[in-house]
Amino acid sequence: MQSNGPRDGDGIARDQARLARVAAGDAAAFAALVADETPRLLRFAASILGAGRAEAEEVVQEALLRLWQQAETWQPGGRISTWLHRVTYRLAIDILRRRRPSVAIEAVEDFLEDTGPEPEARLIGVQDAAALRAALESLPERQRTAIALCHFQGLSQAEAAAVMEVSEAAYEALLARARRRLRALLAEKP
Amino acid sequence: MVRDQRELLDAIDRHGPDLARWSDQVLANDVRHAALADRAFRARLDAASSLDAGLASVRDAMDAEIAASGAVLRVRSAVLAAVPRRINARRWRLVAAAVVVAAGLGALADVTILSPAGSQPVEVVILDPLVFGPTGTGTP
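Protein chains in written order, with my numbering: chain A, 1 to 190; chain B, 191 to 330.
Be a bit skeptical, because a hint or two may be false.
As the list claims (entries may be wrong) - Restraint ranges, calculated between C-beta atoms of paired labels, are given here:
1) B:R222 with A:A169: 42 to 48 Å
2) B:R193 with A:R99: 40 to 46 Å
3) B:A230 with A:A17: 24 to 30 Å
4) A:R90 with B:V285: 31 to 37 Å
5) B:A258 with A:A158: 32 to 38 Å
6) B:A258 with A:D10: 30 to 36 Å
Hints are computed from structural coordinates only; laboratory data are not their basis.
Just so you know, even glycine gets a beta-carbon here, dropped at the ideal spot from N, CA and C.
Please model the entire structure based on the sequences and the hints provided.
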């Protein structure tokens, strides 16, 4: 298993040592890893699939089990968390495709600039978290993922790009479009 | 280099409103200057900061919901319950590997220690009792 992702020498070395223990059958090491990663991954899966869905739990469970299965063949090339995010993302996308087979159209939507009202003159009522959440859920999947990786998961642009398997420049452009669209959606609200 | 406002606004959308974290501090300074010079530009920067803060509160709300739902415990339990079976399978594989290695070492010891290459081979000759008589009599 090659963990393609941004280089982070110390972190990668720590992860490698950790996975070596997991590969040797150290259940305690795996339990600690699961404890560390589960809350973040659940948040990420929920932000793609929608909160409160059992599917988010299934996706995270599967991603962690895949890590366990593949620990023996781990090739250090990135962080465990980046790899787990990528697997979680792929599994979540599979679920979204099964739910609604028109995801391909959404991919086109990602590249359309927003034509809604310009929000520059207005401060968004961010206190209204419910409105923001609704706006977030109405974003195309890839834009929502770009926002989640940056604002919820705290990943660097390099890590987020690795998760989405795009170049850093493409991720940056996607994130910019997502932020613009989110502001425009909120500005439309009365 | 003089940048127009559109370029600076695009930079805010790309890198976020926290100018201190930008890797390009020259560009960040241009944004600071534009925000000081133009009220509308400042409003756009404030709107971006406001969105940042709003997203942070959405993240906190999601964390609280996830914690309250018990999802973390359910996932951990399900994952760790699936793992011991794999530990057992791995242990059996280790036992099998140990048996193979032990057999190999035994064979190697037999060849190199118990039957060293320099020793004389023992030749066993079986005499036909019809020709040479019963064993031990020494008479034909």
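Going through the hints against the structure:
Evaluation of the 42 to 48 Å hint for B:R222 and A:A169 yields a failure: the beta carbon distance comes to about 24 Å. The supplied range of 40 to 46 Å is met by B:R193 and A:R99, whose beta-carbon atoms lie about 43 Å from each other. Checked against the hint of 24 to 30 Å, the C-beta distance between B:A230 and A:A17 comes to roughly 53 Å, which is inconsistent with it. Separated by about 36 Å at the C-beta atoms, A:R90 and B:V285 satisfy the suggested range of 31 to 37 Å.
A beta carbon spacing of about 33 Å between B:A258 and A:A158 agrees with the range 32 to 38 Å that was offered as a hint. Here the CB-CB span from B:A258 to A:D10 is close to 35 Å, well matched to the stated 30 to 36 Å.
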